[in-house]
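Number of protein chains: 2
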Amino acid sequence: MRLSHYLLPVLKETPSEATIISHQLMLRAGMIRQLSSGIYNWLPLGLNVLKKVENIVREEMNKAGAVELLMPTMQPASLWAESGRGDYGKETLIVTDRHNNQLIYGPTNEEVITDIFRNNVRSYKELPLNLYHIQWKFRDEIRPRFGVMRGREFLMKDAYSFDIDEKSAKESYDTMYRAYFKIFKRLGLKAIPFKADTGAIGGDMSHEFQVIANTGESEIFYDPKFEELVDTDELDIPTLRSLYSAADEMHDPAQAPSDVKSARGIEVGHIFYLGDKYSAAMKAEVMGADGKSTTVKMGCYGIGVSRLVGAIIEASHDENGIIWPESVAPFQAAIINVKSGHEACDKACEALYAHLCEAGIETLYDDRKESAGSKFATQDLIGTPWQIAVGPRSLEQGNVELKNRKTGEKQDVPLDKVIAYVT
Amino acid sequence: MRLSHYLLPVLKETPSEATIISHQLMLRAGMIRQLSSGIYNWLPLGLNVLKKVENIVREEMNKAGAVELLMPTMQPASLWAESGRGDYGKETLIVTDRHNNQLIYGPTNEEVITDIFRNNVRSYKELPLNLYHIQWKFRDEIRPRFGVMRGREFLMKDAYSFDIDEKSAKESYDTMYRAYFKIFKRLGLKAIPFKADTGAIGGDMSHEFQVIANTGESEIFYDPKFEELVDTDELDIPTLRSLYSAADEMHDPAQAPSDVKSARGIEVGHIFYLGDKYSAAMKAEVMGADGKSTTVKMGCYGIGVSRLVGAIIEASHDENGIIWPESVAPFQAAIINVKSGHEACDKACEALYAHLCEAGIETLYDDRKESAGSKFATQDLIGTPWQIAVGPRSLEQGNVELKNRKTGEKQDVPLDKVIAYVT
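Here the protein sequences come in this chain order: A and B.
Residues in the first sequence are numbered consecutively from 208, following the numbering used here.
Residues in the second sequence are numbered consecutively from 208, following the numbering used here.
If you're looking for bench data, these hints aren't it; they were derived computationally from the structure.
The structure displayed is predicted, hence computed values, not measured ones.
You may find that some hints are simply not true.
No distinction is drawn between identical chains; accordingly, a pair holds when it is met within one copy or between any pair of copies.
In the EDC-like style, the derived pairs of lysine to aspartate or glutamate whose C-alpha atoms are separated by at most 20 Å in a straight line are [what the hints assert, rightly or not]:
#1 Lys297 / Glu492
#2 Lys270 / Asp574
#3 Lys258 / Glu275
#4 Lys259 / Glu275
#5 Lys270 / Glu557
#6 Lys499 / Glu424
#7 Lys576 / Glu275
#8 Lys432 / Asp466
#9 Lys297 / Glu348
#10 Lys332 / Asp574
#11 Lys554 / Glu266
#12 Lys219 / Glu550
Work the whole structure out from these sequences, hints included.
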């Protein structure tokens with residue numbers, strides 16, 4: 208992408224509306240703009256990252272055997288009366304349509320998915336089944352804040368498992384538990400699972416996943432072995448379960464074992480074993496192997512996709528801006544034309560840009576007539592992992608200057624060898 | 208994908224709620240289910256096609272230089288007062304949030320994009336700029352019908368161009384005009400452009416694109432040369448414009464030139480030159496080359512993405528089901544295990560399935576214990592372009608039976624040569 212053809216409205220000043228670092232950096236890097244309280248436009252750079260996060264979630268869900276579908280944003284309120292959640296709170300956005308029917312902007316989809324299941328699945332032979340979607344949700348928060356971390360309109364992945372009995376349902380739960388570790392690891396995050404309250408969703412077992420970040424919203428306590436495990440592929444469920452973790456609401460710090468580590472955490476995922484809470488109320492039944500009708504056991508599994516973009520930034524930034532993990536970086540490489548208008552620089556940049564694009568490397572080419580200093584600052588702010596400065600002096604030696612955003616390390620590299628370095 | 212792990216609730220009977228063929232086939236093929244009037248769940252097969260259509264639209268928009276962002280579904284009503292569209296009709300879904308602010312579920316995004324533009328673009332140097340998004344919209348139709356062809360919640364691509372003057376703006380318009388031809392061609396559709404009314408959107412030039420389909424909603428008249436042009440890459444704008452086309456509302460059939468062809472059409476795209484209708488009302492200005500503030504000229508360009516899924520089926524089906532163009536087929540190939548449980552068949556199917564997946568061919572493997580006849584009927588219904596039947600008899604000769612869904616042609620093919628045929 209040529210920056211001259213892009214929309215990247217970076218800001219030098221920190222907007223006063225933003226109090227946490229991810230919100231500040233997302234505004235400054237031109238990733239988002241607020242449209243209304245807790246409702247954001249995702250500008251091109253922000254959408255790019257959001258889609259990368261979404262795709263990693265999707266890939267790992269598919270690998271874990273879940274099947275994607277898409278439920279609409281608007282749901283008939285009548286379904287909520289059936290499940291016993293008809294007494295929704297003020298966070299539920301309800302609208303009356305022209306035919307006087309009530310529609311809810313879905314904050315979660317237990318009712319709709321259970322309705323789909325009961326209308327379309329007949330036999331135990333079709334189980335286990337895990338259906339998920341990635342869709343915008345709405346919660347009319349009384350005080351939206353922290354940018355996309357606690358917005359009103361937000362993107363969420365929610366999966367729902369259906370099993371013939373509790374044993375099988377708990378295996379489905381563990382499959383998701385493992386998939387969550389893989390997702391967060393691929394996103395460059397250290398996420399620790401905590402036993403959690405089941406709250407309004409119901410059910411009798413639940414874990415929430417907290418990302419460790421200095422600016423996290425809550426204090427968490429956990430066995431440091433979790434951090435090691437997150438970095439390996441050792442995802443043995445019994446081992447993980449035996450490790451100690453607790454959020455501050457549930458735990459008196461004074462009573463924590465002495466080797467327990469404390470940190471700040473951001474909740475990025477929540478999984479629930481629901482049992483038959485929804486399936487019994489809504490009669491989601493299949494024919495069992497014995498020929499009898501059986502109420503299925505359900506689980507539900509959420510990940511805050513748009514929130515994750517903020518969480519990644521909270522966990523990975525410095526005083527100059529964002530430091531993206533390569534898996535979600537909007538551009539892998541940036542070409543900084545140090546002297547736009549200088550014939551040799553322009554020519555070298557154009558050739559390099561064509562070369563990088565051909566190699567499938569997502570590249571942002573800053574071809575604008577701006578000062579080199581401002582171009583460098585922009586790339587640090589938006590966190591491009593590899594920054595290639597093309598200037599007249601090094602070019603005379605056939606070189607460009609390659610900078611690694613994470614380490615800050617700079618080195619002169621032959622122009623025709625750049626690709627080997629950035630892949 | 209193994210069918211035993213998928214959700215594909217096909218129906219033998221045509222549901223009485225559906226009156227047009229695409230709606231009937233989408234229900235029967237298990238692509239969609241109605242959740243509420245004009246609001247649909249996209250089941251896995253339907254979502255698969257929807258995403259393919261969406262990606263083709265996205266790729267061609269990007270190739271044409273448009274930049275993707277994402278505006279939220281909910282918009283503050285206050286913006287609509289600014290543009291002069293505050294007097295919205297009954298099709299607009301309006302909700303009052305807990306803080307007593309009015310939000311509109313966006314039916315279109317002129318106001319929001321103009322607001323983004325005026326807040327983030329300052330100079331003529333940043334133009335021309337074409338920003339688009341692919342987002343769910345809502346229109347509270349009084350009588351939703353024809354399935355996803357006229358639903359209430361629907362997926363739309365809307366692009367908005369910003370230019371410094373009318374000449375440049377008309378070039379942007381022509382660029383989109385050309386991109387639309389490419390999009391519809393890739394989708395296997397013959398789409399004819401018609402001069403159109405500008406209606407509620409405003410502006411002074413407009414074209415709508417109509418797909419030719421026997422079951423189309425309106426009668427159209429056009430020069431048959433259009434059909435030839437659609438099949439070539441000859442997209443010369445003056446030539447196209449000189450050809451004759453008119454929708455029935457605008458034209459008396461008796462007066463049409465004798466060589467004009469008449470057909471039925473489905474509207475799938477609409478482009479408008481807006482001039483300064485929104486930019487003047489909302490003060491979308493940039494600094495011109497002369498240092499003076501200039502009101503930008505806009506255009507807007509819509510494509511009904513979810514509607515296209517229905518339109519493709521209207522244009523391409525037979526008495527047995529859907530015939531997908533390969534570009535949007537949910538699966539390129541299907542493996543039909545004619546005798547599930549037969550050791551040689553199971554083994555051959557498993558090996559073939561692994562082989563096709565490895566080769567990157569999206570394959571649906573019908574591994575269920577169902578009759579061969581029902582499996583064949585399912586693949587015809589859902590329109591898989593290549594159907595590979597693995598049965599004991601042909602397997603003894605080392606063969607499988609390969610069927611082309613479109614031509615109906617069947618041939619015996621050596622098991623180890625199948626990939627060469629289906630790619």
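Going down the list of hints, with the structure as the test:
1. Lys297 / Glu492: Answer is neither: 32 Å inside a copy and 40 Å across each miss the 20 Å cutoff.
2. Lys270 / Asp574: Answer is between; shortest inter-copy Cα gap is 19 Å, intra-copy 40 Å.
3. Lys258 / Glu275: Both: 16 Å inside a copy, 11 Å across copies.
4. Lys259 / Glu275: both (17 Å within a copy, 14 Å between copies)
5. Lys270 / Glu557: Intra 39 Å, inter 18 Å, cutoff 20 Å: inter-copy only.
6. Lys499 / Glu424: neither (48 Å within a copy, 48 Å between copies)
7. Lys576 / Glu275: neither (45 Å within a copy, 24 Å between copies)
8. Lys432 / Asp466: within (10 Å within a copy, 80 Å between copies)
9. Lys297 / Glu348: within (8 Å within a copy, 27 Å between copies)
10. Lys332 / Asp574: between (59 Å within a copy, 12 Å between copies)
11. Lys554 / Glu266: Answer is neither: 39 Å inside a copy and 27 Å across each miss the 20 Å cutoff.
12. Lys219 / Glu550: So Lys219 and Glu550 fail the 20 Å test inside a copy (30 Å) and across (68 Å) alike.
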